[in-house]
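J.: The residues making up each chain are set out below.
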Amino acid sequence: MRGRYDATVPFRQILQREFARRRAANARYSLRAFSRALGIDHSTLSQILRGARRVTSRTLRALGARLRMSAAAIELQCAAENESAILGVVARPDFRADSRWIAVVLGMPLDEVNVALQTLLRRRQLILGGRQWRTP
Amino acid sequence: MANPVTRWQIVARDPEAVTAFYRKLFGWNVRTDNALGYRVLESGDDRGIDGGVWPSPPDGHNLVQLFVEVDDVDAAIARATSLGATVIVPKSELPDGDTMAIMLDPAGLSFGLVATRNV
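Each protein sequence line maps, in turn, to chains A and B. For reference, each letter of the first sequence is one residue, going 1 to 136 in our numbering. For reference, each letter of the second sequence is one residue, going 1001 to 1119 in our numbering.
Next comes chain A alone, as it looks inside the complex:
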């Protein structure tokens, strides 16, 4: 069910806020401790927090469960991350209007690309004009 969960905040920020919250409670709480608590590789977490790595649905489901997000909230967040990643590549100069290319570039399963694509079309956040895709 679509709850009241707000997925407009990027998951990266949710992680940053959670890390800040834990550090506020315990000044010695390290990134390494945070990565252990999340069950994720330290360098992967560091890259995600810096915005150097996209959060895949697989990672988001694992981390979301550790952060005690509800299943519905996790799925909404996965969808939002995928949609935002696609809008990001559409703006790239080397963009190719091809779901298979998007899937490779983002490391995203093709079906997730197409689900996100359809959502963006429904919400009119993306306009398909043949090989010219643009945001309104």
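Hint data in this document are derived by calculation from the structure and do not stem from the laboratory. A hint or two may mislead.
[Claimed, not checked] Pulled a few chain A residues facing chain B out of the computed Cβ check, cut under 7 Å:
{"id": "1", "residue": "A97"}
{"id": "2", "residue": "D98"}
{"id": "3", "residue": "S99"}
{"id": "4", "residue": "D111"}
{"id": "5", "residue": "V115"}
{"id": "6", "residue": "R122"}
{"id": "7", "residue": "L128"}
{"id": "8", "residue": "G129"}
{"id": "9", "residue": "R134"}
{"id": "10", "residue": "P136"}
[What the hints assert, rightly or not] Some residues of chain B that are not near chain A, with every Cβ distance over 12 Å (derived):
{"id": "11", "residue": "P1004"}
{"id": "12", "residue": "K1024"}
{"id": "13", "residue": "T1032"}
{"id": "14", "residue": "G1037"}
{"id": "15", "residue": "V1068"}
{"id": "16", "residue": "D1071"}
{"id": "17", "residue": "A1085"}
Every residue gets a Cβ at the ideal spot worked out from N, C-alpha and C, and that includes glycine.
Based on the hints, put chain B in the right spot on chain A.
T.: Only chain B this time, still in chain A's reference frame:
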């Protein structure tokens, strides 16, 4: 134009499994050599129409849609809307050239409008 139904589409939460099921059951050919990686199912027979499988969101429903060919998608949307339909996916020109829209009829069934690429 007589507005024939030219394509059917299954929308499924597990499109790979659905595709495999029909391929095994009927021996249909599956093609994905298009810009959306869209799974086209073909019987190889002149009779009947071919279809395809599209992924549904995890919280979506499994369903079947029919695609009706029209001359002008904008005009068809306007006419459908005047008869009580609503637009789900607005007119979109796909990378391979077809123009389509997804509508909801007054009974709540979704269907597609498609205009094939001008030759």
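J.: All the hints need checking, so say for each whether the structure fits it.
T.: Hints versus structure:
At about 4 Å, the closest approach between the beta carbon of A97(A) and any beta carbon in chain B falls short of 7 Å, and the interface hint on this residue holds. Because the beta carbon of D98(A) sits about 4 Å from the nearest beta carbon in chain B, less than 7 Å, this interface hint is met. For the restraint placing S99(A) at the interface with chain B, the shortest Cβ-Cβ distance is roughly 5 Å, inside the 7 Å limit, so the hint holds. The restraint placing D111(A) at the interface with chain B holds, with a minimum CB-CB distance near 4 Å, inside the 7 Å limit.
The interface hint given for V115(A) is met, as the beta carbon of that residue sits about 5 Å from the closest beta carbon of chain B, less than 7 Å. Checking R122(A) against chain B: minimum C-beta separation of about 5 Å stays under 7 Å; hint holds. With a least beta-carbon distance of about 4 Å to chain B, the hint placing L128(A) at the interface is held under the 7 Å criterion. Annotation: interface hint on G129(A) holds; nearest CB of chain B at approximately 5 Å, less than 7 Å.
Proximity of R134(A) to chain B is violated relative to the hint, the smallest CB-CB distance being about 12 Å (cut-off 7 Å). Taking 7 Å as the C-beta contact cut-off toward chain B, the hint placing P136(A) at the interface is violated, the least distance being around 11 Å. At the 12 Å boundary, the C-beta of P1004(B) stays outside the reach of chain A, the nearest C-beta of that chain being 24 Å off. At roughly 20 Å, the least C-beta separation between K1024(B) and chain A is larger than 12 Å, which holds for a residue marked as non-interface.
A Cβ of chain A approaches the Cβ of T1032(B) within 12 Å, the least distance being about 8 Å, so the stated non-interface status is violated. For G1037(B), the requirement that its beta carbon stay farther than 12 Å from each beta carbon of chain A is not met, with the minimum near 5 Å. Every beta carbon of chain A lies more than 12 Å from that of V1068(B), the smallest distance being close to 19 Å; the non-interface claim holds. The non-interface label for D1071(B) is consistent with chain A: the shortest C-beta to C-beta separation is roughly 18 Å, beyond 12 Å.
No beta-carbon of chain A comes within 12 Å of the beta-carbon of A1085(B); the shortest separation is about 15 Å.
Of the hints listed earlier, those the structure fails to meet are numbers 9, 10, 13 and 14, in rising order.
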